[in-house]
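Chemist: Top line first, the protein sequences correspond to chains A and B.
Reading the first sequence from the start, the letters are residues 1 to 230 in the working numbering.
Reading the second sequence from the start, the letters are residues 1001 to 1817 in the working numbering.
There could be a bad hint or two in this list.
A partial selection of chain A residues facing chain B, derived with a Cβ cut-off under 8 Å [to be verified]:
1. Leu-27
2. Arg-82
3. Asn-94
4. Leu-111
5. Ala-136
6. Tyr-139
7. Arg-155
8. Arg-186
In short, the hints are calculated from the structure, not lab data.
Every residue gets a Cβ at the ideal spot worked out from N, C-alpha and C, and that includes glycine.
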Amino acid sequence: MNHVIELEGVAKRYDGAGAPALGPLTLGVAEGEALAVTGPSGSGKSTLLNLVAGLDRPTDGTVTVAGRRVDRLSEHALARFRRAHIGIAFQFFNLLDDLTVIDNIRLPAQLTGTGRRAAAARAGELMEMLGIQQHAHAYPGRLSGGERQRVGIARALINRPELLLADEPTGALDTAAGHGVRDLLRELHRGGQTIVLVTHDLALAEACASRTIHLVDGRLVLDTYARDAR
Amino acid sequence: MSVFGGGAPARVARSGAGRQRVRTVVIAVATMMAVASAVVAGTLMVVAAAPFDHAFDKQRGAHLTARFDPARAGAARLAETGRLDGVTASAGPYPSTTIRPVGRSGFPLPALTLVGRSDPHGAVDRVELTSGRWARGAGEIVLGSSFEGPGVEIGAVLKASDTANAPALSVVGFARSSSGTADAWSTPAQIGPLAARGHPVTSQMLYRLESADTREQVLAGRAGIAAAVPSGALLGTQSWLDARHAAGRGAAATVPFVTAFGVLGIVMSVIIVSSVVSGAVGTGLRRIGILKAIGFTPGEVVRAYVAQALAPACVGIVAGVPLGNLLAVPMLADTESVYGTVSLTVAWWVDVAVPAAALLVVVLAALVPARRAGRLPTVEAIAVGRAPRTGRGRRAHRTLGRLPLPRPVTYGLATPFTHPVRALAMLLAVAFGTVATTFAVGLTSSLTAVGSSQDPESRAAVTVTTVRAPAAAPPPPPPVVGDDGPPSPAGGGEEPPSPAVSGGTAAGASRPAAADPAKVRSALASRAGVESYYGKLRTEVAVAGVSGAVRASLYEGDARDGHHALLSGHWITGRGQIVVPTRFLERTSTEVGDTVRLTYRERSADLRIVGESFDTSGNEPEVHADMADFPPARPDTFLVEVKPGVPAEEVARELAALVRPLGGDATTVPPAERGGVLLLMDALALLLTLLLVCVAGLGILNSVVLDTRERVHDLGVCKAIGMTPRQTVGLVLASVGALGVVGALLGVPAGYVLHGLVVPAMGRAVGTGMPAAVLDVYTPVGLLLLGLGGVVLALLGALVPAGWAAGTRAATALRTE
Chain A
1 MNHVIELEGV AKRYDGAGAP ALGPLTLGVA EGEALAVTGP SGSGKSTLLN
51 LVAGLDRPTD GTVTVAGRRV DRLSEHALAR FRRAHIGIAF QFFNLLDDLT
101 VIDNIRLPAQ LTGTGRRAAA ARAGELMEML GIQQHAHAYP GRLSGGERQR
151 VGIARALINR PELLLADEPT GALDTAAGHG VRDLLRELHR GGQTIVLVTH
201 DLALAEACAS RTIHLVDGRL VLDTYARDAR
Chain B
1001 MSVFGGGAPA RVARSGAGRQ RVRTVVIAVA TMMAVASAVV AGTLMVVAAA
1051 PFDHAFDKQR GAHLTARFDP ARAGAARLAE TGRLDGVTAS AGPYPSTTIR
1101 PVGRSGFPLP ALTLVGRSDP HGAVDRVELT SGRWARGAGE IVLGSSFEGP
1151 GVEIGAVLKA SDTANAPALS VVGFARSSSG TADAWSTPAQ IGPLAARGHP
1201 VTSQMLYRLE SADTREQVLA GRAGIAAAVP SGALLGTQSW LDARHAAGRG
1251 AAATVPFVTA FGVLGIVMSV IIVSSVVSGA VGTGLRRIGI LKAIGFTPGE
1301 VVRAYVAQAL APACVGIVAG VPLGNLLAVP MLADTESVYG TVSLTVAWWV
1351 DVAVPAAALL VVVLAALVPA RRAGRLPTVE AIAVGRAPRT GRGRRAHRTL
1401 GRLPLPRPVT YGLATPFTHP VRALAMLLAV AFGTVATTFA VGLTSSLTAV
1451 GSSQDPESRA AVTVTTVRAP AAAPPPPPPV VGDDGPPSPA GGGEEPPSPA
1501 VSGGTAAGAS RPAAADPAKV RSALASRAGV ESYYGKLRTE VAVAGVSGAV
1551 RASLYEGDAR DGHHALLSGH WITGRGQIVV PTRFLERTST EVGDTVRLTY
1601 RERSADLRIV GESFDTSGNE PEVHADMADF PPARPDTFLV EVKPGVPAEE
1651 VARELAALVR PLGGDATTVP PAERGGVLLL MDALALLLTL LLVCVAGLGI
1701 LNSVVLDTRE RVHDLGVCKA IGMTPRQTVG LVLASVGALG VVGALLGVPA
1751 GYVLHGLVVP AMGRAVGTGM PAAVLDVYTP VGLLLLGLGG VVLALLGALV
1801 PAGWAAGTRA ATALRTE
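In isolation and in its complexed conformation, chain B is listed as follows (with noise of 0.2 Å):
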């Protein structure tokens, strides 16, 4: 049966669907908008937490993970820490270091942590055996899941450093730990002799606490810890929420804006859906009223125009279900990525209650003017167009009739007033389709922001490089847990073979020559259009508490041309001196002005945090320091600035013809790609704008069709007193134009305070704050042409039914009624 159902109702409501077509498709629109937007806001909601804290509680995850100092913290007073006020639980001590393996191939993988255990099991953190078994005795290791692949899998066998003499290690099995707290796994009895020089062995610590909700918690309990053992033995922590963040980052950042686009869409079609409706009763009095006449029951009545707005809202709501999965599906992908063989799909739940939310919604909009229809005097109904109308506006046409413009447009723009519940629905749809429209063009200047405050290295003119671009990609090594994909070509993610060290791994792998940095800056210095340059160096290094490899770029030089957007605090200026994203700050439950040891080449330095980096990198944060500060550390790139007036081109042809023969390279740079979540932010951005734009159109378009319909007699009748089409047409257009105005005045504020509220949710979703930069992106010329596009929204959605009202002819009108 169809949503109409059956007998004379029914009949009366597919006619009157039948007939209006504009109503019947703007509802259908407004409604899949509607819905497509809250499944896409409700699956990412859902996506953003529910897998990992499925999987952390199913673990009994860390909420806090803790290296110690085993020389200054023995087991038995670590033992004791796990019996602390607001630690519930606890497991350790684990040995712990860190090692750099080299695969069959040649390859390094990243520097891991490996952390002795007996069994996967414990109090804390029961990691879970993904494929093979346990570690049971020496030369055996599981390896974290996400490096299962074909160049590793179980059986392969690794060296444990690329040094001649490292012990092999054979893969037995894959292991996920939600909380992170190892890369690597094997015996307790292994890891004095995999330790290496420079990575000695430490004590990890496992606990739960008893409330590690927030960051400010955490770190009560970091510090109840840190106050329990001998100063200087807690070497550092990690906390369960970095984790968390990383795992849902790209869904997490995606959702506060999505759900702001899926309120606007729901509220957006309520009012549109209420308003055609109650613009089909007020338009279809007469039809109302014949209806009674020949013997419809109130009830009957209401239910024939309920059914009116239901039937194109079930079309709507059957296809914005389909289309909200869709576009929810590289969110998806995004997120499962992080879970590996975890598959996520929209939530069962979200795809019934959206759809039936949103019925109950277009039922209740549609209720309130059907009921109105069904309460209508007969005769009252029947002698709509013959009896005068209601004074409503009279006073707007005086007031308005007295301004010194065309007489066509001062009656224009009193025509609102006549009908305030209509013009009221008019005017929101305008302001919502600017609010939109705002709100999505400073989210998309906050995501270039955003992206280009990522790359800075995008700033510099030209980009010198140790090593020919071809060959300065390493092997790829497998994934880190929940990394983004493969560092950048700039960088390389390894420190670039120095010419003392080419060719010199251990596993034979041939390596090409680099350019000599020295060299490099000689060449730099003897070129007059270089105005500055900086080197720098993409390298990994491990940080004293800290699980892993952590990426970092060594400057040489004067780096400030190349500073990411800070938070607080300064740029590195000299040695001694690192800046850190917050996720590292979360992380390490450091603050600025605090120390931390970096580790590189087995050269560690103690260095202050002076600076907090807009770092959106998610869990593979970035730290910023000195070159000086690890003498073995060289650049692989030298970013260059050249003097004004002298093209790029022709310095980059010059450096690259210097250092060619050296081995190295040089060229402009390339403009930043962006990011597969930015690029996906923009786009999901455009689509919902368009979406929400084109429905605010349609709910304009409506409204003129209605007021044009009951004015058509009015307009036929000054048509034959001598309107002109063209005075017509800006009669039509007044009526809307001034409503445009209000909406625009109303809209573009509501969309900067929106965006204000949102791009910082967004930020704290990813665990940053947001720097001005990301933040301050409207001007006052952008903002008046927003204001602009709401006015020309309405006038655009105004101009088919004012063509249509400039076209029909004044007999035709004269007669309608």
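Isolated chain A (complex conformation) (with noise of 0.2 Å):
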């Protein structure tokens, strides 16, 4: 099976002779593969993201993202990395408040080189899949939660990435804002989206995921695949 994610032994310490707070964990991910990551507060769940995002470094192990080591890497290589690979869609949407819904978006594909105009195109193929063009030149804060949400998420499949992070994706919605974000999340999945979703909703988890890791004190504890993953 071809692994988008892979980690081996990952282990992730805050203080040096502490507790680690992720881990020691091996894990594998494949292509195509919903997860849902589970668990209460302080479980690892956000640090588990962060170091397959290569937001953060592992204190032991090694994390494998779209084959190559993401712990290895340099600063710039994992900014150059991220933008290519990874989308990233945030509990608390962090979008640029400074920049229109449209610009939000097509910052990333920006970043890489991509020209202005289809950077552009490319946002409106999403705004439009997404439900949000007529907000195109809408400042973030005139938005509705869902919506910003929406925004974070089309910001984070603008460069067509392998791997889609989405934390708390619903933590700051309610409840048919919620329902909204887990629809798109699944139709993205059903497109063959690889996605790893860090929730404490349970129903989004199994609305969403075709596997789902339980995590506490930074453990694995269970991992169950859904019935038509299977």
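Bring the two chains, given one by one in their own frames, into a single complex with the hints.
Modeler: Now the structure itself:
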């Protein structure tokens, strides 16, 4: 099986001598798989996501994403790798308030050197797909939470990444908006997008994920596959 | 008690100051620089005039000193001039002449204006005896206090001249005239017997005028007096303004530029302190909200934030006052030398007023943003970071985002528009830094031009002297009032011993034989490598109406190559002409076109003033005339130009081989040494510029640090979505680069204009205009480089926070609010 993510004995300690916040953990995520990571607060979910995204480095072990050892990449190479292979959707959206919706979405494409027009075309395509095209020139502050999260997801997908990481994507949304995002993620998964979804929401995990792992105190305690995914 | 005071606001201020180290350092350094500059500027302004004015008032100094021909205007007629309109008091007539005494060891003193007065008192010019007593009878003389020293003390016996039967004069006292009416005094009855051939007795009248603040007013007074006596009776006059200029020339010249730096420093400090405190409020809103939520009153918040600025400012003030005093010391020393025993220190009130004013400025600068912090609603403050920002800068982001530049660059370019006030402070910091640099570069170039224009001999390729260098310098005479120091070695200040007079001094001092100038000329004519040459003699002459000796350069041949920079008129082209400096015109109340009488070795000549030379040598102006007007004069130096492609060293070697056997020498001209005051001004300009540039850099650093801290979350987002560290650095640098360009575009012209205002003011302070060579010192390329310097300054200030932004882990940045 072709793994997009491979973790080998990964551990992360924030203080040298204490117990690890995560791991040791060995895990593989296959291409096209939608993995939900669940667990209580402090279980290491966000740490796992940060390690996979290359936002943080493991204390021990190796992290391989799309065939590259991200734990060994320099900051510069990591940034280049991330924008080409990984899209991230955040709980609090993390949109840039100074930029319009379309400018927020096409920013990662422009960082790779894609021309302004080509990036705008791809952004338009995504906005249409996500139903936010009417807000293209609005500023994030004027959008609802659900709309902002769609903008965040569109931004994460602009460079057609192999891997989409979603950190509590419905955590800051009301129920209706949360359902909208859930449907969107499910659609993306059906389209073959590999997703790692960190969430407290077991219903969201069940609705979107083909596989769920459960962490407690940084350790993997449960690894289950959805019935239709087996 | 500390400046923080006590209680909770004090603890908050202390922790704030400790937490924001960059901000604390910036306030301390900015204040220190402003205080130091202000202390120097204030001190120099006081020093430039006050001691002279005090001494002049105390002595009821003469606004105008006039010399008359007693044969044409008798004592009664002269006494009547004291009752003319505009004359408030007068003294005289006193008999006066010029003598050239010889010291015990045989060295000649400079030519001295000797005035016969029965006592030092009077309605005008109450001469101050600094030691000894006044002359009571024949054979007694009182010398100017500047002559007092190991070689000449009370009881010393001088000979009135170098002739064998010259009368002896016993020094009985030393005295000082702030108006500079004489170099020596004796009883009136002695003047006639002491007058030498060529130096007849004249009548000296001293006047105080109703209005004498400007040259024009003094000239008007002179005109009235001249009209009241028969034509030709008035031989010459001397204005008090000349003595005043001379007294404070060193300090006075530096006042305009130190003031400019002081004002720049103070304005920049105000901008930086207010921007720093304003930034502290802007970025500390959440903290302010929390403080208010836990019970701080608005007044306590204001106190806490003012104290955060005040504490480092006090440190800066405490450091700035001694630094300013230290920087003022060389200037004070220069001025002190003019007043002899008068000790000059930084005025106590300058040391009190400047720190007090600085404290007031800092409190006012901090109060505005601190009051904003106090007024901020708690909920609004605490919600910062969670609520969407104001819409400032969005249009700039949209517009600049369309530029065909990398996205991080366009994003960075739009950043300043989000915080216009902070951007303005940064812009002003760059602009002021560029102003200071542009001004300092111009000033240094002007000072260099002044230095080279004062030493035209350095333009010659080879210098041939009629005596060997070690023997060229005569025994040093005592300094004359306000003398800059010994005359330059090239001239020696004394005419060289011609073969005819060699070893002929009355005192019997032996002198080495000098080369015959005619033989030196033959040697020069025989060398193929010599393109042209002219002869020169630096000596002293007497000028009718001017007290004491006047330095003169007499030229033989075509001396155009060695001409001084001219402010008006033209260089001497032949006999009967003289070029004089501005100070000479003021001193003698003459203009270009007038005629003056010069006497050299008992040969007098009436010369027409054809040019006004640029001369900053203070109260020792040098006049330039044709040697042919004074037959006894012979050149002691030949300035030689070599043919193109011929090495000067080779010509010097060949000429040396020819003239050394004759007693002379030949060398290549060594580079001109900068004068003390010029060096001092260079050093001060460099130091003050460095301080200003450092403050500007720190101000930029602080602004960018604030900006980066505030945007750290956004930068974290950018990094999370793929912005590389290099692109992050590019973003941060672009955010200041544009400000750097605009700041440079403002700063370079402002610095240029400032130079155009200050340099002429410096010239006016020492009583001269400035020639084009001194004023037009900027080149287009130089100005472009100075502009680039402003951009570099901005980028350097932003480099550290840019590196910090690039190095921060995305995960860390995303956790930051």
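Chemist: What are the numbers of the hints that this structure violates, sorted from low to high?
Modeler: 1, 5, 8
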